[in-house]
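What follows is each chain in one-letter form.
Protein chains: 2
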Amino acid sequence: MAITIAVDAMGGDHGLAVTVPASIDALNTFSDIHIVLVGQEPLVQAELEKHQYDASRITLQHADQIVEMDDLPSKALRNKRQSSMRIALNLVKDDEAQACVSAGNTGALMAVAKFVLKTIPGIDRPAICTSMPTMKGHVHVLDLGANVGCTGENLMQFALMGAVLTQAVDDNPKPRVGLLNIGEEEIKGHQRIKDAHKLLSDTSINYIGYVEGDDIYKGDTDVVACDGFDGNIALKASEGVAKMISFYLKEAFTKNLLTKFVALLAYPVLKSFKSKVDPRKYNGASLLGLRKIVIKSHGGADQFSFSNAIAEARLEVIKNVPELISAEVSVLLKQQSDNSESKSAD
Amino acid sequence: MAITIAVDAMGGDHGLAVTVPASIDALNTFSDIHIVLVGQEPLVQAELEKHQYDASRITLQHADQIVEMDDLPSKALRNKRQSSMRIALNLVKDDEAQACVSAGNTGALMAVAKFVLKTIPGIDRPAICTSMPTMKGHVHVLDLGANVGCTGENLMQFALMGAVLTQAVDDNPKPRVGLLNIGEEEIKGHQRIKDAHKLLSDTSINYIGYVEGDDIYKGDTDVVACDGFDGNIALKASEGVAKMISFYLKEAFTKNLLTKFVALLAYPVLKSFKSKVDPRKYNGASLLGLRKIVIKSHGGADQFSFSNAIAEARLEVIKNVPELISAEVSVLLKQQSDNSESKSAD
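Each protein sequence line maps, in turn, to chains L and D.
Heads up, the first sequence is in UniProt numbering, so the first residue is 1 and it goes up one at a time.
Heads up, the second sequence is in UniProt numbering, so the first residue is 1 and it goes up one at a time.
It should be emphasised that the hints constitute simulated quantities derived from the structure, not laboratory data.
Note that CB positions come from ideal geometry on N, CA and C, so glycine has one too.
Be aware that one or more of the hints could be misleading.
[Claimed, not checked] Simulated coverage check for chain D against chain L, where a stretch passes if three residues somewhere in it have a Cβ under 8 Å from a Cβ of chain L:
no., stretch
1, 45-55
2, 145-156
3, 221-235
4, 270-278
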């Protein structure tokens, strides 16, 4: 049976010009998916007509409204019930699709998804999780901005969800999980982090302790759990440095005719280097902790990026990620209640 | 009159092997400085003998103890009164030197420096401030890890100190000051950041509002103020990404004989690129808010890096940074008391 993915065709900085061709790319790559393009039908149709595609594998679903990139989450929730984002999520809720992909406004997507799809019992706050390149492969980091001011319990849930995702999509049976902090000494950091440290040490999660900002990229940790504020700072600062480095690299290679000639010779090398750290390969953040699969694409995603977000959605459907999280949460809750019973019996 | 700089010769991962030749380099670069090397005299003397130097411009000051890189600040403070770090700071306190440079343990340096030198009246917590490269020049960021869990008032003081430093050392009369946050909407972020936002809007500081992690590197902000936890996460994540990128760049250029040949041709280009983002050029973080000048070098600094930290110390002595901060704090305190008086008179 085909996997049906609902695509918010209007979302993102480039809207249909990216979402439609990227959807067609994904259909060409994966023979097992069907895509529902949700958006203003005449516009979606007009964009589709620019491309060659298998009409039997794409469905159009009309949506009157668009959630703008600067709409407040509350506004998207209350006043945009006919938006492409909301209707795509409704399709998932009604089991007409197994996953939703949107490049729309993150805050709105999280708020509407939480409202429409609900959180997994035992999970207090869903988190945004993305994979990022490291020197040895990649790492999953969460939360990246949905939750500011988490408790230790929240952080422990993020760690659990990140571990389950990594087990499932990376076939990694025992992912190493770290907590983002500013020093390895146990005295440093916020109370919530110390609380999470204690909680995690009592679980069956393969918890390796505190990690610092630079450890994210070393490849010795598979999952980094953190408050959404801290994760967002780390992610954005990283993006900023990477852009600055690429800016100066380009500047050096385009300085004059000679350097341009060298650039030409170095092109295959630079290309192979770029492919290793290409953020577009890592596009597609998971909204973990919801009962169904929702993938957030970077707002500025191009066609290649957005099709990677669709690929991530497909993989999570195949791996049944929300069900796995739900099962692990039950185990954890049972462990915790057993622990507290055995402690009170002591 | 010469500027005397007390160098903690034993500090850092490489100790004397870096601090001594770097001090000699600094003496050769700046004809107006004198250096006091503080450390275990026979060892310092042995290292000095490996080099050529002008003996009239270097003084040795014996210190029995060493603050180890993993000593707790409390231990350094209580049990290492004869350490090279402490004695170097004592020289500054006693006006035998105008600044201290150390590559030792950051926490210990801050704790001992606060105890020995005291903070400027009106400044509650000193902060660690470094300059970092941007696409258009550089930016000063503070705090980088000395203060976790700041108040809005603390953040405002960091903003003020960063602005004063930038005015002084960059000859920038009106530095643009931003507050690190995770979104530009006023609803996001921690309460302390919202408090600081309000406080800063009422000062004569050229406050430009919230900035995100990636804005640090864009070059449109001259000072970024933040809690020490957030600043440390941003700094370390940035370091991690930069190292990863340089790792993959090297990997691509050393893959085989052909790529190595291309690397040879591209060498001048890669060198000019590297010089733009070389973190060693930015070595030398200021412990701002103390009554005297203390510069923290990166622990892993090499000779070139460490001599840049000495250069930063010299510049801050010439510009009289602590006195400037002290004067600006007085102005700010007066503004605040005038504001509250005029408000209560309304």
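Going down the list of hints, with the structure as the test:
Given as covered by chain L, the stretch 45-55 of chain D fails the check, having 0 residues with a CB less than 8 Å from a CB of that chain where 3 are the minimum. Coverage of a stretch by a chain is defined here by at least three residues with a beta carbon nearer than 8 Å to that chain's beta carbons; for the stretch 145-156 of chain D and chain L the count is 3, and the condition holds. Under a criterion of three residues with beta carbons nearer than 8 Å to beta carbons of chain L, the stated coverage of the stretch 221-235 of chain D is upheld, 7 such residues being counted. Under a criterion of three residues with beta carbons nearer than 8 Å to beta carbons of chain L, the stated coverage of the stretch 270-278 of chain D is upheld, 5 such residues being counted.
Hint check: a violation occurs at hint 1 only; the rest are consistent with the structure.
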